[in-house]
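Enquirer: Chain residues, written in single-letter form:
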Amino acid sequence: MKKGLLILLVALVAGSAAFWVTRTHQQHGRQAVLLDAMPELAWLRGDLRLSDAQFAQACALHTAYRPQCAVMCRRIADAHAQLESLAQAGRGMTPELAAAISELARVRAECQQKMLVHLYQTVRLFDDRQAERYLEKVLPAALEATTAGPAACHHD
Amino acid sequence: MNDSELDQLLKDGSPPVQVPAGFKHDVWLRIATAESAAWKPCAARLLERLLGVFAMPPVAVATCAAMVVAGVWCGMQPQKSDPATEVAYIQSVSPFAHAHRR
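Chains A and B supply the protein sequences, listed in that same order.
Residue numbers are given in this note's numbering: position 147 of the first sequence equals residue 147, and the series is strictly consecutive.
Residue numbers are given in this note's numbering: position 88 of the second sequence equals residue 88, and the series is strictly consecutive.
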């Protein structure tokens with residue numbers, strides 16, 4: 001009886017050790033991503049299970065896109081600030097206010113297009129399953145983006 | 001002899017016995033304890049038999065191997081993605097990231 005109990009314990013310890021070693025190995029891979037300058041990409045690698053090559057290409061695209069995104073962010077913020085300032089002046093629907101509304105809508109539409117271009121460039125790096133998952137998660141935010149409030153420059 | 005005569009005879013024939021207080025209670029308690037403990041030897045025998053199976057070399061090796069495989073499989077399962085990292089990514093590509101509103 002004692003021998004059987006001992007074997008059962010040994011099996012449990014071996015299973016736990018196997019789990020720990022495997023998980024630690026996987027965590028190590030994730031930490032390498034987190035140590036990167038772009039921790040926001042941890043989701044891409046972890047959730048979509050990108051290969052090293054895919055991840056490297058996604059990083060390159062993301063790095064190239066970041067400055068563009070920051071510029072767009074600033075333009076939206078400026079256009080919104082201009083609109084807010086004119087609206088709060090309380091002089092009614094002046095031509096300037098109408099122009100500010102149009103300008104904000106134009107800037108938002110332009111930024112949304114550029115964002116979608118980036119998302120579709122990124123999705124081309126993935127296989128069908130990864131692409132489906134990526135679009136499922138990211139597209140709703142991209143499509144609803146313009147209905148959100150004023151932009152803030154998160155790249156600052 | 002009718003029943004009442006027999007009852008009287010039995011009553012007269014019983015020697016006077018002094019039982020301690022709580023005798024009946026003790027008797028019933030012992031009966032209840034014996035009944036509730038009856039499954040224990042059965043479970044012990046079952047456990048002994050089961051552990052005896054694990055002590056057999058082929059079963060022991062198979063159990064250890066199965067546990068290692070199960071451990072590796074569980075360890076390889078993708079962890080549930082952290083919603084915070086997903087949001088961080090979406091915000092990083094969206095110029096409309098209103099979560100950081102000024």
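Think of the hints as simulated: they come from the structure by calculation, not from any bench.
Some hints could be false.
Dumping the calculated DSS-like pairs for lysine-lysine here, alpha-carbon to alpha-carbon at most 25 Å [what the hints assert, rightly or not]: (1) B/K24 with B/K11; (2) B/K11 with A/K3; (3) A/K137 with A/K114; (4) A/K2 with B/K40.
Enquirer: Each hint needs a verdict: does it hold in this structure or not?
Expert: Taking the hints in turn, this is what the structure says about them:
The suggested pairing of B/K24 with B/K11 holds, with an alpha-carbon distance near 20 Å, which does not exceed 25 Å. Restraint check: the Cα-Cα separation between B/K11 and A/K3 comes to about 62 Å, which exceeds 25 Å; the hinted pair is violated. Straight-line distance between C-alpha atoms of A/K137 and A/K114 comes to about 18 Å, which keeps the hinted pair within the 25 Å bound. The straight-line distance between the Cα atoms of A/K2 and B/K40 is roughly 18 Å, inside the 25 Å bound, and the hint therefore holds.
Hint 2 from the list above is the single one not met by this structure.
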